[in-house]
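J.: Sequence:
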Amino acid sequence: MKKIILDADTGIDDALAILYALGSNECELIGITSIYGNVSVDTSVENSLSILDLVEHQNIPVYKGSEAKLGSDTYERREITKKIHGHDGIGDVHIPKSTRSAESKNAVDFLIEACEEHGSELTIVATSPLTNLAKAFTKAPESIKKVGKIVIMGGALTVTGNVTPYAEANIIEDPNAAKTIFESGLPIVMVGLDVTMRTLITLNETKALRKLNTKNSELIADMIDFYFRSYEGRLSGVYGCPLHDPLAVGIALHPELASTLAIDLTVETSGASKGRTIGLMDKLNEGSPSTEVCVQVDESKFIELFMESLKNICK
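Under this note's numbering, the residues of the sequence shown are numbered 1 to 315, in order.
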């Protein structure tokens, strides 16, 4: 069983990633670190706690992290994220709000301490801007280097971005933080749009959830259906949605799901191509790149694993 921390800006697909991790027999979710992105950091904390309460996993601690990108004190939510994730960030489906609060320890210190405590047994799955990780690495690089793996949902190497022609949403929120992490030498797996846009669920899956006929299955299916509507007309004849963040959890637990390209990456931080994830020229001829970029995925096997986990958590 793999020990995992989810670093999440909890919108719909982050919520699905949390549920997938909780329903998997291969995962021990030891904590969630919250951050701005799809929603404000405070809403991200609330959403994570509410999802945990919904499926009776109040034992999982949630830590509050960064409120804005490196060098800034302000966060402004993109209008498009309201359309994709709803005003509350989790599909406006009236999931009961948690009465709990985040832990007193902040997310950055938790990440550092967890790397020290668990070392190579720990995988951090970042489904959000990389500000928390960049702060942790800058504060205590030797501690963060003890981590087993960092799986990042972010970036696009062989396809165009989803915010600009060059940039994916999580990376462009804080390109300087992403540059810090990609150039850190940490053991990274990038789960970008190259593979997440191939990993689609449709009405067949939400119908299967509804057949479980539990309160949780209905709410989760409603949340996914909201996500479907935000992608309507964008997926070449398919009515459904890509499982961006859950796929990062899936590949963390089952690396055999993906074929990867080993290459050291950097992130462009200015100009028209701001947020672009691209090979680092200075290291192209060096051996043993620290980053593996997922370029192919067994989407049918992943959907099978994902649905199995959701059914487990909805019983």
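Do not take every clue at face value.
[Said to hold, decoys possible] Quick list of in silico lysine-lysine cross-link-like pairs, DSS-like style, CA-CA up to 30 angstroms:
{"#": "1", "residue 1": "Lys2", "residue 2": "Lys105"}
{"#": "2", "residue 1": "Lys97", "residue 2": "Lys301"}
{"#": "3", "residue 1": "Lys274", "residue 2": "Lys3"}
{"#": "4", "residue 1": "Lys82", "residue 2": "Lys283"}
[Stated by the list, open to error] Between beta-carbon pairs, the in silico distance windows are:
{"#": "5", "residue 1": "Lys215", "residue 2": "Ser288", "range": "32 to 40 angstroms"}
{"#": "6", "residue 1": "Ser101", "residue 2": "Pro187", "range": "39 to 47 angstroms"}
{"#": "7", "residue 1": "Ala262", "residue 2": "Arg198", "range": "17 to 25 angstroms"}
{"#": "8", "residue 1": "Lys207", "residue 2": "Thr138", "range": "26 to 34 angstroms"}
{"#": "9", "residue 1": "Glu116", "residue 2": "Gly287", "range": "37 to 45 angstroms"}
{"#": "10", "residue 1": "Ile30", "residue 2": "His94", "range": "25 to 33 angstroms"}
{"#": "11", "residue 1": "Asp225", "residue 2": "Lys139", "range": "23 to 31 angstroms"}
{"#": "12", "residue 1": "Lys301", "residue 2": "Arg100", "range": "29 to 37 angstroms"}
By construction, these hints were calculated from the structure, which means they are not laboratory data.
Just so you know, these numbers come straight off a predicted model, no measurement behind them.
All residues carry an ideal CB built from backbone N, CA and C; glycine is no exception.
J.: None of the hints should be skipped; say for each whether it holds.
T.: We went through each hint and held it up to the structure:
Under the criterion of a C-alpha separation no larger than 30 angstroms, the hint pairing Lys2 with Lys105 is consistent with the structure, at around 23 angstroms. At roughly 33 angstroms between alpha-carbon atoms, Lys97 and Lys301 are farther apart than 30 angstroms, so this suggested pair is violated. Annotation: proposed proximity of Lys274 to Lys3 is violated, straight-line Cα distance about 33 angstroms (limit 30 angstroms). Restraint check for Lys82 and Lys283: not satisfied, since their Cα atoms lie roughly 39 angstroms apart, outside the 30 angstroms limit.
Between Lys215 and Ser288 the CB atoms are about 50 angstroms apart, so this pair departs from the stated range of 32 to 40 angstroms. Checked against the hint of 39 to 47 angstroms, the C-beta distance between Ser101 and Pro187 comes to roughly 33 angstroms, which is inconsistent with it. The given range of 17 to 25 angstroms is respected by Ala262 and Arg198, whose C-beta atoms sit roughly 20 angstroms from each other. Separation of Lys207 from Thr138 is about 47 angstroms and departs from the stated range, judged on CB atoms against 26 to 34 angstroms.
A hinted range of 37 to 45 angstroms is violated for the C-beta pair Glu116 and Gly287, which are about 29 angstroms apart. A beta carbon spacing of about 29 angstroms between Ile30 and His94 agrees with the range 25 to 33 angstroms that was offered as a hint. Checked against the given bound of 23 to 31 angstroms, the beta carbons of Asp225 and Lys139, roughly 41 angstroms apart, lie outside it. Take Lys301 and Arg100: their Cβ atoms lie about 35 angstroms apart, and the range 29 to 37 angstroms holds.
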